[in-house]
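Enquirer: So the protein sequences, as listed, match chains A and B. For the first sequence, position 187 matches number 187 in the numbering used here, and the numbering has no gaps at all. For the second sequence, position 218 matches number 218 in the numbering used here, and the numbering has no gaps at all.
Since the hints were derived computationally from the structure, they do not count as laboratory data. Quick reminder that beta carbons are idealized off the backbone N, C-alpha and C, glycines included. Careful, some of the hints might be misleading.
Said to hold, decoys possible - In silico DSBU-like cross-links for lysine-lysine, where the CA-CA straight-line distance does not exceed 35 Å:
1. A:K9 <-> B:K287
2. A:K392 <-> B:K261
3. B:K7 <-> A:K369
4. A:K370 <-> B:K7
5. B:K180 <-> A:K392
6. A:K379 <-> B:K286
7. B:K286 <-> A:K272
8. B:K7 <-> A:K72
9. B:K287 <-> A:K142
10. A:K397 <-> B:K204
11. B:K204 <-> A:K320
Unchecked claim - Which residues of chain B face chain A? A few of them, derived with a C-beta cut under 8 Å, are:
12. D5
13. A8
14. K11
15. A18
16. R201
17. M205
18. A270
19. E276
20. A277
As a plain string of letters, each chain reads:
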Amino acid sequence: MSTYMLEMKNITKRFPGVLALNNVTFSVKKGEIHCLVGENGAGKSTLMKILSGVYPHGQFEGSIIFDGNEAKFSHIHDSEKAGIGIIYQELALVPEMMIYENILLGHEIQKGIQIDIPEMIKKTEQLLEMVHLSVKPTEKIKELGIGKQQLVEIAKALSRKAKLLILDEPTAALNENDCENLLNIIRELKSQGVTCIMISHKLKEVMAIADTITVLRDGQTICTLDKKEATEQLLIKHMVGRSIENIYPTRTQKPTNETVLEIKNWSGIDSKTGRKILQNISLTINKGEIVGLAGLVGSGRTELARSIFGNPDGYIVSGKVIANGKAHQFTHPHEAIKNGIAYASEDRKKNGLILIQSIKDNILLANLKKISSTIGIIKSEEEIVQANEYVKSLTIKTPSIEQFVLNLSGGNQQKVSIAKWLFVEPKILILDEPTRGIDVGAKFEIYTLMNRLVAQGMSILMISSELPEVLGMSDRVYVVAGGKITGELTRQEATQERVMELATL
Amino acid sequence: MIIEDFKAVIKKNIRDYAMYIALVFIMIIFSILTGGNFMSSRNIANLLNQTGYIAVLATGMTLIIVIRHIDLSVGFLSGFLGAITAILLTQFHVAVWLAIPIVLALGVVCGLITGLPVALLGIPAFVSSLAGWLVYRGALMLSTAATGTIIIPNESFNALGNGFIPDLFSWIPFLPQYHKTTLLIGLLTICVFILSEMRSRSRKMQYNFAVLTKPLFLLKILFITLIITYITFILAGYNGLSWTFVIMMVVVIVYDFIARKTMLGRHIFAVGGNPEAAELSGINVKKITLFVFGSMGFLSALSGILFTARLKSATPQAGTLFELDAIAACYIGGVSASGGIGSITGSLIGALVYMSLMNGMNLMGTDISMQYIIRGLVLVGAVIFDVVSRKRKA
Ligand SMILES: Nc1ncnc2c1ncn2[C@@H]1O[C@H](COP(=O)(O)OP(=O)(O)OP(=O)(O)O)[C@@H](O)[C@H]1O
Ligand SMILES: [Mg+2]
């Protein structure tokens, strides 16, 4: 019996205009945790989609040997049957359905011709226990936080008796606690004999959990390292092809004391549920300053940003927003934009980008005026010139600006979403989880870009669940917990411990 | 070499070319089956006039479907507004030049009424416009109840549906059998077409976009030029361009321009592609929704006017099933049922395909029940093809 659970040999996959994978070889030993790392667009997700049958046999070159047999999957069902469970970068749960329905979707337990609900709930309870999730199987998915949803996904994969579990950036949207919890569960599964492939851009957690690490770059395997020989620095070097000394680039310019945005006694009530989501929040942002908004997922940071940015969710708000010396109460994002505020949302697929449109159309959308005549006719040349410029300055990896955003890798989509808001030339840019799912190289680029922008006089409010990022980039940090600001810390005061303490108040 | 390029291009853009291929195919088949009658000057003129009022509706419906809604009320709305026109002209003796703007404005109001609950309260457009369907049907019956069919004696009004543009150059002895203004318009169209194609190609090359290879490009120009020339001669050999055709083309060109080249158009497609993202980008989704429904009402009124003029009368059944014909034209023309994707020119071709089919079957004397079945099959076939070819591309 071979010691390999999986051998993928000489895999090549082309998309129109893109060579996504170029002769990739990738082997995973039985019972190990194998991490797959690489820049955005390196081909990690594509490789996993080939493995799981999303791209069926015949649509790529090369061979796959799984558990000793040559695998020719033509559909996800086939890989599932063979014992491969995959959790995609984008979660695939039905928000309106209950947990047990989601977990056993397509595999309902039947008694005669009826589905056996008590039995299904019982089985779900066992599965939830395996991932240490203490919620009722009859709760709806949409009631769960994203961290718990991730665990439900794992339980779902386990219910299909997966021998090989693939997790594509499972921790990208999770806060530190949820991450730690998830990693522990993966370790536990390993001790029960489940082999695991995990894709991640968070090198710390890769170092913490991996037995073996494979680095992809530009669709090629660069190397496969044993945990013992790997260091974070070495991984970065292999991933980007050069070493990055300091991931948080140093700022040359100091922020000014001129306040550009002030929020005073800001409160908000969700009009649908009547729940108080924001309570008496006051904060200021100065010109040329990066202000961090730290806190746990669900603490109300996104709600705060959205309620300021024209309140598209229709919260009942009170308090003052003072921008450019005037008090405002924006009733539509349009007004906020006009007053120099931009908000790049945390969920780029859901409400940040238009996936079925081109990179060009997405970048230009929020400020079409800039490329139109006074009566609203678009100047075709201007369009192309501008879009190309932003693609270049943010190094968005694509064959052309006409490419659909749908076909970009996660990180490049994120860059498009930021480019779109830079095109508005705002005075205050609110970035909600700006580096979610972005590789170290691109992160470094985005940080550098942020520094460049504030040096030019822009102000940035950054919401982030990645503490090191908040601490590394911010001039000042506000900590949010339960819809309230529980503390304001200067760069010097802000330590990991202090922030966590305030965040869990 | 050329042939290989050709195959590659067709394969890549199969969805875009398929409609044209289908159209040519239908025309050839019917020409053969009807012994040439189908392509006669008279019938083509007739076909274009029939297409007119459906194409006008399909233009508005394209935008409605693009923003993920539907409007079922347009058929009876156009019937009802046609009856209003007839009443204004015959009972109130309003002049044509005044009656038409009144009815068009009324159309906008009706469209907005359908759109208001959709935009402001999030009522499904299906429900809101189904209510409109019922209401306008009732209104149409009511307005023709006293008189039955209302005959319109006004010649200049009826010309909108039956008349042809005057020939300004008939005094020139050259080509005596032909309508020379039509020939001139055809010639101008060809020039504009070739120039704009060349300009867009050179611009694309400047920015390193993929373009057709030179021989293929020339082939395309030649092919389309031939088609325009052919159609021009067919029409010029009869009475020339009809007013309906001219109005339809103006509507299509204006809407196509709005859809592709203006901020408004981009906003409409953004709302269709992802309403939440559009809202966060500062686009007022409610306003856009209202605009699109208002424009649909406007075009319903126009369609009603064209149809009434064509029949020279308003009947209690006018507009029956127009909404479904327009929706079918959109789907055949490549508008995506899930929103965000579609083009005005596509829907025009869709309307032509659909109406050619009806016209051809009528000429052949196909049984009406068979006609419905065939229309249904063509519709579902077109949508299946659309979905499958899009999947393959993604
Ligand atoms: N359906 C598609 N059509 C065209 N190109 C595609 C398609 N899917 C992926 N690509 C391209 O293939 C390359 C690899 O993409 P992939 O999603 O595998 O990257 P990744 O390593 O998972 O990146 P990330 O870390 O950003 O998620 C990218 O350049 C991407 O643009
Ligand atoms: Mg990926």
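Enquirer: Holds or violated: B:K7 with A:K369, Cα cutoff 35 Å?
Expert: Given pair B:K7, A:K369 is violated - Cα atoms ~40 Å apart, limit 35 Å.
Enquirer: Within 35 Å, alpha carbon to alpha carbon, are B:K7 and A:K72?
Expert: 30 Å, holds
Enquirer: Can the restraint linking A:K397 and B:K204 be considered satisfied, given a maximum Cα separation of 35 Å?
Expert: 20 Å, holds
Enquirer: Quick one, are A:K370 and B:K7 close enough, alpha carbons at most 35 Å?
Expert: The hint is violated at about 40 Å.
Enquirer: Given the hint that A:K9 pairs with B:K287, does the C-alpha gap stay at or below 35 Å?
Expert: 55 Å, violated
Enquirer: Is the hint on B:A8 kept, meaning its closest Cβ partner in chain A is under 8 Å away?
Expert: Given a least distance of 11 Å, the restraint on B:A8 is violated.
Enquirer: Let's test the interface hint: is any C-beta of chain A closer than 8 Å to that of B:M205?
Expert: 12 Å, violated
Enquirer: Tell me if the interface restraint on B:R201 is satisfied: Cβ within less than 8 Å of some Cβ in chain A.
Expert: 13 Å, violated
Enquirer: Do the alpha carbons of B:K204 and A:K320 lie within 35 Å of each other, as the hint requires?
Expert: Between B:K204 and A:K320 the Cα gap is close to 49 Å, so the pair fails against 35 Å, i.e. violated.
Enquirer: Would the stated hint for B:K11 survive a check requiring a Cβ distance to chain A of less than 8 Å?
Expert: 11 Å, violated
Enquirer: Holds or violated: B:A18 as interface residue toward chain A, Cβ cutoff 8 Å?
Expert: Given a least distance of 19 Å, the restraint on B:A18 is violated.
Enquirer: A:K379 and B:K286 were given as a pair; does the straight-line alpha-carbon distance stay at or below 35 Å?
Expert: 26 Å, holds
Hint check: violations occur at hints 1, 3, 4, 5, 11, 12, 13, 14, 15, 16, 17; the rest are consistent with the structure.
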